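Novice: The lines below spell out each chain.
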Amino acid sequence: MVHSRNLDGEELVFGNQGALWGRAMTWWDHGTGSVWSQPIGEAIAGPLQGARLDLVPSRLTTWDEWLQSHPETVALEAPDRPSGFDLDSMSIVVELGEESIAFPVRSLRSAVANEVVGGAPIAVVVAPDLPDTWTVFSRTVDDRVLTFEFSGSDLVDRETGTVWDPVRGIGVSGELQGVGLDVLPGFTSFVEDYWTFYRNGRLWAP
Amino acid sequence: MPDNASRVESIARAFLAPALLITFLFIVAWAAWRSPGTPPRPEATAELGELAVPSEVYDPVRAGEKLPDGFRQVLARDGILPVYDPRFVSAETAGWTPDALVIGVEIDGEAKAYPVGFLNRREMVIDRLAGIPILVTW
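Chains as they are written, first to last, in my numbering: chain H, 1 to 206; chain Y, 1 to 138.
Source of the hints: derived by calculation from the structure; they are not laboratory data. Check before you lean on any hint, since a few could be wrong.
[To be verified] One side only, chain Y facing chain H, incomplete, derived with CB under 8 Å:
{"hint": "1", "residue": "PHE71"}
{"hint": "2", "residue": "ARG87"}
{"hint": "3", "residue": "LEU101"}
{"hint": "4", "residue": "ALA113"}
{"hint": "5", "residue": "GLU123"}
[Claimed, not checked] Capping the alpha-carbon separation at 20 Å, the derived lysine to any residue pairs in SDA-like fashion look like this:
{"hint": "6", "chain 1": "Y", "residue 1": "LYS66", "chain 2": "Y", "residue 2": "ILE80"}
{"hint": "7", "chain 1": "Y", "residue 1": "LYS66", "chain 2": "H", "residue 2": "VAL116"}
{"hint": "8", "chain 1": "Y", "residue 1": "LYS66", "chain 2": "H", "residue 2": "ALA51"}
{"hint": "9", "chain 1": "Y", "residue 1": "LYS66", "chain 2": "H", "residue 2": "GLN68"}
{"hint": "10", "chain 1": "Y", "residue 1": "LYS66", "chain 2": "H", "residue 2": "ALA24"}
{"hint": "11", "chain 1": "Y", "residue 1": "LYS66", "chain 2": "H", "residue 2": "VAL163"}
{"hint": "12", "chain 1": "Y", "residue 1": "LYS66", "chain 2": "H", "residue 2": "THR147"}
{"hint": "13", "chain 1": "Y", "residue 1": "LYS66", "chain 2": "H", "residue 2": "ALA120"}
{"hint": "14", "chain 1": "Y", "residue 1": "LYS66", "chain 2": "H", "residue 2": "GLY41"}
{"hint": "15", "chain 1": "Y", "residue 1": "LYS66", "chain 2": "H", "residue 2": "ARG168"}
{"hint": "16", "chain 1": "Y", "residue 1": "LYS66", "chain 2": "H", "residue 2": "ARG5"}
{"hint": "17", "chain 1": "Y", "residue 1": "LYS66", "chain 2": "H", "residue 2": "LEU7"}
{"hint": "18", "chain 1": "Y", "residue 1": "LYS66", "chain 2": "H", "residue 2": "SER4"}
{"hint": "19", "chain 1": "Y", "residue 1": "LYS66", "chain 2": "H", "residue 2": "GLY18"}
{"hint": "20", "chain 1": "Y", "residue 1": "LYS66", "chain 2": "H", "residue 2": "PRO121"}
{"hint": "21", "chain 1": "Y", "residue 1": "LYS66", "chain 2": "H", "residue 2": "GLN177"}
{"hint": "22", "chain 1": "Y", "residue 1": "LYS66", "chain 2": "H", "residue 2": "VAL191"}
Quantities reported herein were computed from a predicted structural model and do not represent experimental measurements. C-beta atoms are modelled at their ideal positions from N, C-alpha and C, and glycine is treated no differently.
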């Protein structure tokens, strides 16, 4: 996840609290010592309790795909060890307005989630050819609301039949070719730990 | 009526006491002048790039604040050391395998990639992109 370290115009420096909550990491900030929960980006104890950081849109993807879409990218000076990451045990959490929905990745392997969260029509897409890559898109293009589905490994919308790049959300062929969908923030949480962060949330099922 | 000896003694006392006090004060002043001064208090925040967990920064856990159910302190603060001074190389220099999993972030046309396999170990990168202070975590 990527968060902004700006809080009301103040730049915060974070360290690792060394504690877990909802099986996710927690941070401390060097200024006040408050303890923060990573998935919700919120201070859960200390002077800043209740404060929240903004999410910065980011992507979990392969190096190859990132490099193709961002040829100008620089790389953290670090080795690329095997990640050992199993996305199937996670859910993708989308929070918009006052509403939050968790989308278990397993359910997204064969279906696109077309949902409305906090009044906004969204789609959660796990790319069929890039098994660890997911993206949350807005389904609104101008005044139209689209409904997405997989056709083989292609992502298409029912309304116009346009074929979309499932990672970047750009129309590849068809009526909306060249159009880009808005990318919305989301984060991953272990499926069963979602309730730690959102008691009034909802678990999505196809 | 005091005899001679006790008069000498009282005169000596009258002069000696202030003399000793002045000598004492002189020594103290000299010692203070010679000493390098009290060491400055350690900075409350760690210099970026240095391993320094400032013990005087407030910790709600040690202070006994109520934490939410299921909260579990496992290691010390910065027991897994965040990357406080990230350095970057060109894509070619990185030489990562094409299918390596990365977190990619782009702001205003500037893009950075952080390999997940490395973030597994260090968990946090305190960074900046296009002038915006960011926190990359895994």
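Novice: Hey, LYS66/Y versus LEU7/H, does the alpha-carbon distance stay inside 20 Å?
Specialist: violated (24 Å)
Novice: Checking one constraint from the list: CA of LYS66/Y to CA of ARG5/H, max 20 Å. Satisfied?
Specialist: Violated. LYS66/Y to ARG5/H sits at ~25 Å, over the 20 Å cutoff.
Novice: Does GLN68/H sit within 20 Å of LYS66/Y, going by the straight-line distance between their CA atoms?
Specialist: Between LYS66/Y and GLN68/H the Cα gap is close to 47 Å, so the pair fails against 20 Å, i.e. violated.
Novice: Assess, step by step, whether the Cα of LYS66/Y is no farther than 20 Å from the Cα of GLY18/H, and give holds or violated.
Specialist: holds (17 Å)
Novice: Sort out whether SER4/H lies within 20 Å of LYS66/Y, counting only the CA atoms.
Specialist: violated (27 Å)
Novice: Regarding the hint that ALA113/Y lies at the interface with chain H, is the smallest CB-CB distance below 8 Å?
Specialist: With a closest approach of 5 Å, the ALA113/Y hint holds.
Novice: LYS66/Y and ALA120/H: Cα distance at most 20 Å?
Specialist: Judged against 20 Å, a Cα distance of about 36 Å means the pair is violated.
Novice: For the pair supplied as a hint, LYS66/Y and GLY41/H, is the alpha-carbon distance within the 20 Å limit?
Specialist: The given pair, whose Cα atoms are some 19 Å apart, holds under the 20 Å limit.
Novice: Does PHE71/Y meet its interface restraint, that is, does its C-beta lie within less than 8 Å of any C-beta in chain H?
Specialist: Check passed: Cβ of PHE71/Y comes within 5 Å of chain H, closer than 8 Å.
Novice: Is the hint on GLU123/Y kept, meaning its closest Cβ partner in chain H is under 8 Å away?
Specialist: holds (6 Å)
Novice: Going straight from one Cα to the other, do LYS66/Y and ARG168/H come out at no more than 20 Å?
Specialist: This hinted pair is violated, its Cα atoms lying about 43 Å apart.
Novice: CA of LYS66/Y to CA of VAL191/H, is that 20 Å or under?
Specialist: violated (26 Å)
Violated hints, listed in ascending order, are 6, 7, 9, 11, 12, 13, 15, 16, 17, 18, 20, 21 and 22; each of the other numbered hints is respected by the structure.
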